[in-house]
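Whatever position you read off the sequence shown (first residue = 1), add 432 for my numbering.
Treat the hints with caution; some may be incorrect.
What the hints assert, rightly or not - Calculated lysine to any residue pairs in the SDA-like style (CA-CA distance at most 25 angstroms, straight line):
| # | residue 1 | residue 2 |
| --- | --- | --- |
| 1 | K664 | V613 |
| 2 | K536 | V512 |
| 3 | K664 | E609 |
Unchecked claim - The following label-pair restraints were derived from C-beta to C-beta distances:
| # | residue 1 | residue 2 | range |
| --- | --- | --- | --- |
| 4 | R523 | K664 | 32 to 40 angstroms |
| 5 | P689 | A528 | 27 to 35 angstroms |
| 6 | S520 | D663 | 37 to 45 angstroms |
Because the hints were derived from the structure by calculation, they are not lab data. Beta carbons: idealized from backbone N, C-alpha and C, even for Gly.
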Amino acid sequence: MPCARAAPEGRLSADVRRFRRRDGRPVMAGIQRRAAVVVGVDASQSSRAAVRWAAGEAARRDCALKLLHVDGRRWEGGAVQDNLTAASVAREAEPAVPTEHEVKPGGIADELIAASRSASLLVLGTHGFGALRGAPIGAVATEVAGHAGCPVVVVRGLTAPRRGEVVVGVDQSGDSERALVFALDSASARNTGLVVVHAWHDGVLEAGAELASVEAAEERALEDRVAAWRDKYPGVVLRLVVVRDRNVARALIRVVPHAGLIVIGSSGGGLGSTAQGLLSRARCPVALIGESRARVKCGHGQD
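Please construct the entire structure, taking both the sequences and the accompanying hints into account.
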């Protein structure tokens with residue numbers, strides 16, 4: 433279950449007070465309330481898709497959903513209306529999820545990053561926040577995803593998310609290990625399978641190395657990597673895939689074209705080429721997990 437964390441300062445909205453949890457108990461505000469799923473809100477269709485996805489995730493985590501509109505340029509009435517519209521979208525998607533909403537002044541990326549430090553998860557749409565039309569991903573989403581203090585999910589597309597498998601890309605990094613745990617939690621919560629993908633290429637092989645033997649070694653290494661996790665997540669069906677591809681983003685999309693969620697490790701301080709490729713081309717939400725984002729534990733099933 434997600435860990436308990438001190439509630440952020442500020443009063444909860446009336447929406448929170450009148451909702452009840454899925455088991456019928458009233459929502460309790462206070463220090464034991466679980467950290468909320470925070471979603472960035474504006475007037476865009478991309479934002480509404482992110483709200484729908486975030487509401488579903490809050491239901492799976494049994495926590496509140498916080499709708500955050502950072503009003504850098506618009507008059508407050510318009511920002512409040514955007515939040516009310518988003519609240520309606522969230523209630524339609526998950527009527528039992530308690531919601532709170534806030535309008536804050538200031539720089540959009542800065543305020544979203546600040547909010548991420550007390551959230552269990554930050555959810556964004558690919559566009560909005562004044563993004564240029566036709567751009568593959570908005571500048572604000574790129575900035576926030578590269579510097580947030582918790583896991584970040586960028587929701588691709590404008591339709592309801594698919595209920596496909598969870599896909600995670602792994603290598604030998606610590607970020608990759610944290611991504612694997614997040615992906616296992618996500619697959620467990622969704623009662624779906626997890627596809628663990630390792631992409632390798634022959635650019636660093638020694639002269640005379642046999643590709644078949646190298647690929648077999650990569651497969652054994654991947655099996656060893658996930659062996660301990662099979663016992664910890666017995667309800668998650670794991671499928672391991674080793675592919676020869678220099679482009680990791682392309683490999684992840686190609687292995688499972690209809691994934692429900694793609695998870696990768698992403699070091700803080702900016703987005704690498706794999707993250708940028710996924711945020712530009714993936715057909716499903718993309719979760720970015722880095723070292724700085726492990727401070728708020730967000731597992732569904734493991735402590």
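Take the C-beta atom of S520 and the C-beta atom of D663, compute their distance, and say whether it sits inside 37 to 45 angstroms.
holds, 44 angstroms
Within 27 to 35 angstroms: is that where the Cβ-Cβ distance between P689 and A528 falls?
holds, 33 angstroms
Would you check the hint for K664 and E609, treating anything up to 25 angstroms between C-alpha atoms as holding?
Roughly 14 angstroms separates the two Cα atoms, so the pair holds.
Decide if the proposed pair is consistent with the structure: K536 and V512, CA atoms, cutoff 25 angstroms inclusive.
holds, 10 angstroms
Compare the distance between the alpha carbons of K664 and V613 with 25 angstroms, and conclude whether the hinted pair is satisfied.
Status holds; Cα separation ~10 angstroms.
If you check the beta carbons of R523 and K664, does the distance land in 32 to 40 angstroms?
Because 35 angstroms falls inside the window, the suggested range holds.
Hint compliance for this structure: no hint is broken.
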